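J.: One letter stands for each residue in the lines below.
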Amino acid sequence: MSMKSEARARALLDPALIIEAAGVAVKKLNPAQLMRNPVIFVTEVVAALVTILALRDSLWGGAGPSFFSGQIAAWLWFTVLFATFAEALAEGRGKAQAASLRATRSDTMAKRLIDPQGRDHLDGVVEIVSALSLRPGDVVLVEAGDVIPSDGEIVEGMASVNESAITGESAPVIREAGGDRSAVTGGTTVLSDWIKLRVTAQPGETFVDRMIALVEGAERQKTPNELALSVLLAGLTLIFLIAVVTLYGLATYSGAVPSVVVLVALLVTLIPTTIGGLLSAIGIAGMNRLVRFNVLATSGRAVEAAGDVDTLLLDKTGTITFGNRMAAEFIALPGVDPRRLAEAALLASLSDETPEGRSIVALAKANFGLADPDLSGDAPDIVPFAAHTRLSGVDFSSRRLRKGAVDSALKFARLAPDEAPPEFRAAVDRISRAGGTPLAVVETRALQTRAAGADAVAMHASELLGLIHLKDVVKPGIKARFAELRAMGIKTVMITGDNPLTAAAIATEAGVDDFLAEATPEDKLKFIRKEQSGGRLVAMCGDGTNDAPALAQADVGVAMQTGTQAAREAGNMVDLDSDPTKLIEVVEIGKQLLMTRGSLTTFSIANDVAKYFAILPALFVTAYPSLSALNVMHLASPQSAILSAVIFNAVIIVALIPLALKGVTYRAVGAAALLRRNLLVYGLGGLLAPFVGIKLIDVAVAALHLA
Amino acid sequence: MTLNGWLQIGLVLGLVLVAVRPLGLYMAAVFEGRRTPASLALGPVERGFYRLAGVAPDKEQGWLAYTLAMLTFSALGFVSLYAILRLQAYLPLNPQGFDGVAPDLAFNTAISFLTNTNWQAYGGETTMSAFSQMAGLAVHNFLSAATGIALALAVTRAFARGGATTIGNFWVDLTRATLYVLLPLSIVVALGFVAAGAPQTLAGSVDATTLEGAKQTLALGPVASQEAIKQLGTNGGGFFNVNAAHPFENPNAFANILQIWSMLTVSAALLIMFGEMVGSERQGWALFGAVGALLLCGVALVYASETAGDPLLTALGLDPAQGNLEGKEIRFGQALTALYVAVTTGLSCGAVNAMHDSLTPLGGLVPLFLIQLGEVLPGGVGSGLYGLLAFAVLSVFIAGLMVGRTPEFLGKKIEAREIKLAMLAVLILPLAILGFTSVAAVLPAGLASLANSGPHGLSEMLYAYTSAAGNNGSAFAGLSANTPWWNTTTAIAMVLGRFGYAVPVMAMAGSLAAKKKGAPSAGTFPTDGLLFVGLLIGIILIVGGLQFFPALALGPIVEHVLMLAGKTF
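Chains as they are written, first to last, in our numbering: chain S, 38 to 744; chain H, 21 to 589.
Misleading hints may appear alongside valid ones.
As the list claims (entries may be wrong) - FRET-style restraints, in silico, Cβ to Cβ:
| # | chain 1 | residue 1 | chain 2 | residue 2 | range |
| --- | --- | --- | --- | --- | --- |
| 1 | S | V688 | H | L584 | 34 to 42 Å |
| 2 | S | V82 | H | A471 | 34 to 42 Å |
| 3 | H | A539 | S | E366 | 53 to 61 Å |
These are computed hints drawn from the structure, not numbers from a lab. Note that this is a predicted model, so its numbers are computed, not measured. Glycine is no exception: its CB is placed at the ideal position from the N, C-alpha and C atoms.
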């Protein structure tokens, strides 16, 4: 079962989720819980107040018409319910993901070593205990077919592990003691062999436990920006509370005292209920988007920080270029037919199963239309690539073909380096300067065969045919990606172990802004610190233990799931797919989260203008009939105006739930263009939309004789 | 409205525009401690003051120490001014032999001058001795203005610096603001008023015989000098009861232009100084553009509304082409009166050259609303700048999120603490204005002072608390404000409006100063362009103004629609 595919399969508004969320929404009306959200809490308090007044009016025939105040009360409750529903819906989508994770965590049993120092695990000195009783430092044995009981570091052994429970990727991965692949995650399964691992997590605090808590939003704390926004909304609520409460005195003086129900309606429409109601849903949905990308953030803070990133540190290999070097060009020496060179290279590479070798075959076929050679009749000897010869090739009866590192090939051809033709040496230089790797292709022919003696084939004529240019191939589309990032104001920096010359060549080709060549872990750390002291936020990804300090120092550190425990602890996000390119998506998700908040806040605040024009004339029109001049929307009656404004205020929350969950569309353009667009859509739109909306509702209210 | 009128308005604003940049850059140089041509003469004087006071000018203060110094200084200023007013009968230079000022009035007046409000619940020429005017009120005209500038400097430095624990030295800023800016400008402007015919004498009064042969006592005094700092320091407290409508305070059109110029220029130049000090003069001009646009709208609305006149007066046979001339000085005309009205309330000056109580309802709505926006257009000297920066922080926060980053202003991240403090500051005005008005509107003690009933009476009360809390000082004069209730409550409103605003903003400055200054990139929200200008205007109107709509609807707006229907109050 793949968590990824299941999560993606969930439609934005799954009916089952909606029904479940509706139930949860009612439970969330608990005032103790709603206190966290001051805007909605105030709405709930006044909704209760109006309900009491409406009941009083209908039971004892109080001051106001109870049908009207009853409707206002109902819509105020809907306002609160819509807000809790939005939150419940966002949480519900996470819960489904959590459930599939929880299944992996059930009561696993563990084989704990009684004497961890014992040499041989087959001694039988293990005791069977519950996974929940394991403590950090315990050493357990996991054999083929066992579920790994807790997070840990392999201390001995090597095994293939199925991590699909977490990553959704069913292909097994190799985990072994030492090196960068020694971390294993509780809940995954050992498929073959055995490992001993030292437990690194307390029960209930394992990676899977943290993931569950995260996607469920159980330990959700307000992120810094969310907190700031809450403060702003609380402040605005307070300001309008002052305006409405003091209105009582002013209206008394004017002999135009509105009823409490009407004052409450004014208050609730003015306070920012729209963003107040959707704020936490936006935050939860942002985390969920990240989870759906198979990235887990240890805190919402990290997601926000991702939106703020100024500098991206990207590993060259795997992110900017494909993991391996590939043949890009055949360079034939003068007098050699390029087709002959390609053929020779193809034949010499047939036995080379490395990606480089395969890429030579592919290039020869692609550029010269060569077919797979038919070797059946010839019966040649295949000479596979070997690390000590650094050559691969094929021996026919009359000739031998080799391709490989330049010095090895020259040696094979019995040529001293300075005996190579100048064109050959020039081409080698050119390839090196461009950041590539030159491979030489050489052919030797037997000139004469002496029948006697041990050195039967002593005389050969060697011929250098030419060179194969192996280069780092920059991923297609990555340059455009970096251009987008640049437009967003994000600087990309390539990290590579290559020498500066090679690095510069690839950097230019990929279009990164800067590069760090021959980078050691210390260099990375220093670079990050330098950027940060310049006031820039840095994101990077890494997997090795030596990446840990840099991951910890970076503002956003994405550790690869395949990486070491140290790296995973140091970063504040884990990429389950171990795909370093995702750093870019992570940044975009962070930006989208902040944009959604800002856009809905702007929309909510801009709404107030129209609501004033709906309610203010209605408030005082009895005392001052001439104030109806302010009724620019020509609403049917004061009561329908007030009711329509309250209905609009409630309905707009529901209408915006899909936007809050999906997020505002993100575009990779500069801040000024982005702001102009969003200001137009959500600022101006927020100013105008309620004029239209309230008028339409008013028409309906009047037609249905609701007020 | 006439083209001629707009040309007059354009001329005055043009004169301001010309002066803003050089003055702004000069002030930046002075407050950054750079040498200026003035240092040669004033440097030794400045250092002499520090030696006398035992101030180490190089030792900077954190925001709390800075704020406490300001509060202590203000408290001492209050005590000394209160004592001078109460004891003026026993003090020298009292040629008219005035008695000591009554306790509630002395309290109100001392607070009023201390807070740069200059709300005057008294008639100057019939209450204050020359000593009280010069050693008491005029001194505070300088000091309250210099205090405002000092606070603005502290906030400016918070944006200019990164990772700083200090934001300047209050005593140094206070001294420099007085010595290098207010004093030299005052001398020049005072001479300008003298040239225009304003009296400058220690004589108490002269007796004149009118054309009808009646005897009239004309009050005199050091009018020109007080007039200069009253305008330059956006104080607004006149020598005479009718303020700059009095022919001795504001003798002619030239004096009127000088009045408007001198009240507007320093505050406007402070915006440019801000830009210069934070390393982006453009930023200063962006702020200037936002407040300039709003202020011009205010001018246009007053001008249009006053020249449109009053249908009731037209019905009585008055020439509608003259517009509403009630309460206006014909020697200034409609255009420059409209400009004066908007500028004095867009600033927290409060000097008046016309009676705001006599403006048409919509004409009167403008000064009310401009003050309620928080006195940021461009506001009182210093106080306007730090008030505006609170709005800028809110604007950047609300809209800045829309670019997908934690909002930043001038490289400083705006987070929960800044928002909390900015909101706390912005909250003070509605609390003080609406809270007090609401109470006064139902209390007999409040209602007893009203000269008019109905919506105009409400406007009078609303204006009183608006003016007090906004530290403006102008009045809808129909209200008899010299009563214990009004003296006490307006004084409280003034304290809230000044210190209740300044202290949170200073705390915000402290928090901002400590933050690292981020580098701008293509991804950061540009705050020096037209987009930001428009946004700032929107936020000032929505966050600063919207909450006053219900109150305004019951006051000037109702009055307007009723006037059109032929009803007066």
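J.: Holds or violated: the 34 to 42 Å window for the beta-carbon distance between V82 of chain S and A471 of chain H?
T.: holds, 41 Å
J.: Is 34 to 42 Å right for how far apart the beta carbons of V688 of chain S and L584 of chain H are?
T.: holds, 37 Å
J.: Tell me if the beta carbons of A539 of chain H and E366 of chain S are separated by a distance inside 53 to 61 Å.
T.: At roughly 41 Å between Cβ atoms, E366 of chain S and A539 of chain H fall outside 53 to 61 Å, so the hint is violated.
Comparing the model with each numbered hint stated earlier shows that hint 3 is the single one that does not hold.
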